[in-house]
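Engineer: Each chain, written out:
Number of protein chains: 2
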Amino acid sequence: MIVKKYKKDSDVSYTLGMTLTIELLKTKPEVLLKVYIHPELEETIAVKELLSSCKQRKIPIETNAKVFHILSEKENCFVIGEFKKYASTLSNKENHIVLVHPSNAGNLGTILRSATGFEVQNIALISPAVDIFDPKTIRASMGAIFHMNFCYFDDFESYQNQYKHYHLYPFMLQAQLTLKEITFKKPFSLIFGNEATGLPISFLEKGTSVFIPHSHHIDSLNLPIAVSIALYEASNKK
Amino acid sequence: MIVKKYKKDSDVSYTLGMTLTIELLKTKPEVLLKVYIHPELEETIAVKELLSSCKQRKIPIETNAKVFHILSEKENCFVIGEFKKYASTLSNKENHIVLVHPSNAGNLGTILRSATGFEVQNIALISPAVDIFDPKTIRASMGAIFHMNFCYFDDFESYQNQYKHYHLYPFMLQAQLTLKEITFKKPFSLIFGNEATGLPISFLEKGTSVFIPHSHHIDSLNLPIAVSIALYEASNKK
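These protein sequences, in sequence, are chains H and D.
Just so it is clear: in the first sequence, position 52 is 51 by numbering that gives the first Met the number 0, and no numbers are missing.
Just so it is clear: in the second sequence, position 222 is 221 by numbering that gives the first Met the number 0, and no numbers are missing.
Just so you know, these hints were derived from the structure itself, not from any lab.
Nothing here was measured: the structure is a model prediction, and the numbers come from that model.
It is possible that part of the hints are untrue.
The list treats identical chains as one, so a pair stands whether inside a single copy or across any two.
Below, in silico cross-link-like pairs of lysine to any residue (SDA-like), each with a Cα-Cα straight-line distance of 20 Å or less [said to hold, decoys possible]:
no. : residue 1 : residue 2
1   : 135       : 105
2   : 179       : 212
3   : 73        : 135
4   : 7         : 179
5   : 84        : 130
6   : 184       : 75
7   : 27        : 218
8   : 163       : 51
Let's have the full structure, built from the sequences with the hints guiding it.
Structural biologist: Following this line, the structure appears as structure tokens:
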């Protein structure tokens with residue numbers, strides 16, 4: 000099989016790096032199809048463990064320098080895992096994050112890392128939205144993606160209809176209450192808009208809108224920062 | 000003069016994009032040396048205002064497509080400001096952020112954006128540390144860099160000797176107290192380590208060490224996320 004640059008419509012994606020590949024092997028070994036090894040990879044104890052664990056599970060290992068040129072832009076990548084993309088569903092009891100039209104792969108990854116850190120491990124993505132299996136997302140998540148449940152929805156209404164019992168908290172600059180003033184009722188949905196445009200004004204009518212106060216010298220907080228501060232306040236992990 | 004790719008030892012740096020260039024012109028017009036315009040730039044009202052403001056201040060404007068190929072990797076960049084790097088000093092009354100050996104330009108920019116948002120506008124950088132004038136830092140800061148005071152120090156002791164009256168709060172995973180348990184005494188220094196390695200263990204002895212609790216499924220929070228959550232809790236801007 001010829002390895003090509005990752006595309007959204009591909010059936011497989013990649014963990015670029017040893018730590019990510021080990022995390023995948025620990026959490027979802029059943030989807031790991033193949034492990035590529037760079038010829039210059041040093042045989043450390045961790046590497047030996049990874050390889051022996053792959054052999055036990057009959058996951059093929061291939062030494063191949065070319066694959067690294069095709070898939071990885073970083074120079075310090077010596078292990079790549081190829082895995083089958085998998086479906087996931089959201090819990091209907093646990094708290095959710097809802098991202099409406101997120102556009103940046105790195106941002107989504109950083110959000111997954113914080114979400115796992117603060118134990119809000121269900122994320123809804125309202126289309127159009129960035130691809131959660133983009134290797135850049137996986138890399139920025141530092142492997143947290145494999146601890147998350149996720150689901151794409153065509154529009155916010157489809158999400159809302161399925162999770163009618165959730166308490167909605169849209170985060171928007173026009174909101175009435177600050178984050179410190181809110182007592183989050185569970186199960187909750189923390190809702191955030193696109194990086195550049197935020198949430199449409201219509202979200203002011205949905206549930207309890209919230210804002211994180213900041214000085215007038217900035218237009219807004221960076222999206223992963225806003226999501227993480229919200230998670231920090233709303234989660235039990237304080 | 001021939002424009003070259005940005006280097007750390009250069010006397011000038013660049014604002015890549017119209018919004019950044021306008022922010023520079025508003026906050027530090029005295030350092031703006033030249034404005035480059037892409038031939039395909041549309042003449043919107045904002046563009047006209049920028050150009051007329053440059054003319055008033057006798058800042059040269061040059062239409063030049065080549066400069067954009069050299070300096071900008073992004074396709075949506077049509078205005079570049081060239082500015083003289085400037086020195087800055089820290090307040091000895093206002094609160095500080097201290098970054099020990101930060102390595103990533105984008106992360107530093109995101110931290111500057113949050114710092115400006117939460118009004119902790121003095122940042123100390125302990126060398127070796129990423130270049131605050133790297134165009135990637137400026138871009139990620141969304142212009143917040145121009146609202147910040149900053150200073151590089153050869154080592155943490157040099158910083159500490161100069162700001163003996165500051166209350167030190169090193170953020171580290173081995174700390175005794177959680178962020179929620181701390182009442183920050185002012186003026187404070189919020190201290191953070193390198194992205195990959197954190198702070199050396201010796202910082203446990205300096206001031207009051209703090210940690211932000213997170214699940215065991217992640218090794219640590221992303222650096223700009225940790226700094227921003229700390230700023231959110233410690234600052235008056237809640």
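Engineer: Look at each hint and say if it fits the structure.
Structural biologist: Hint-by-hint comparison with the structure:
no. : hint      : verdict
1   : 135 / 105 : both (6 Å within a copy, 15 Å between copies)
2   : 179 / 212 : both (10 Å within a copy, 19 Å between copies)
3   : 73 / 135  : both (11 Å within a copy, 17 Å between copies)
4   : 7 / 179   : neither (39 Å within a copy, 41 Å between copies)
5   : 84 / 130  : within (11 Å within a copy, 39 Å between copies)
6   : 184 / 75  : neither (44 Å within a copy, 42 Å between copies)
7   : 27 / 218  : between (40 Å within a copy, 18 Å between copies)
8   : 163 / 51  : neither (47 Å within a copy, 54 Å between copies)
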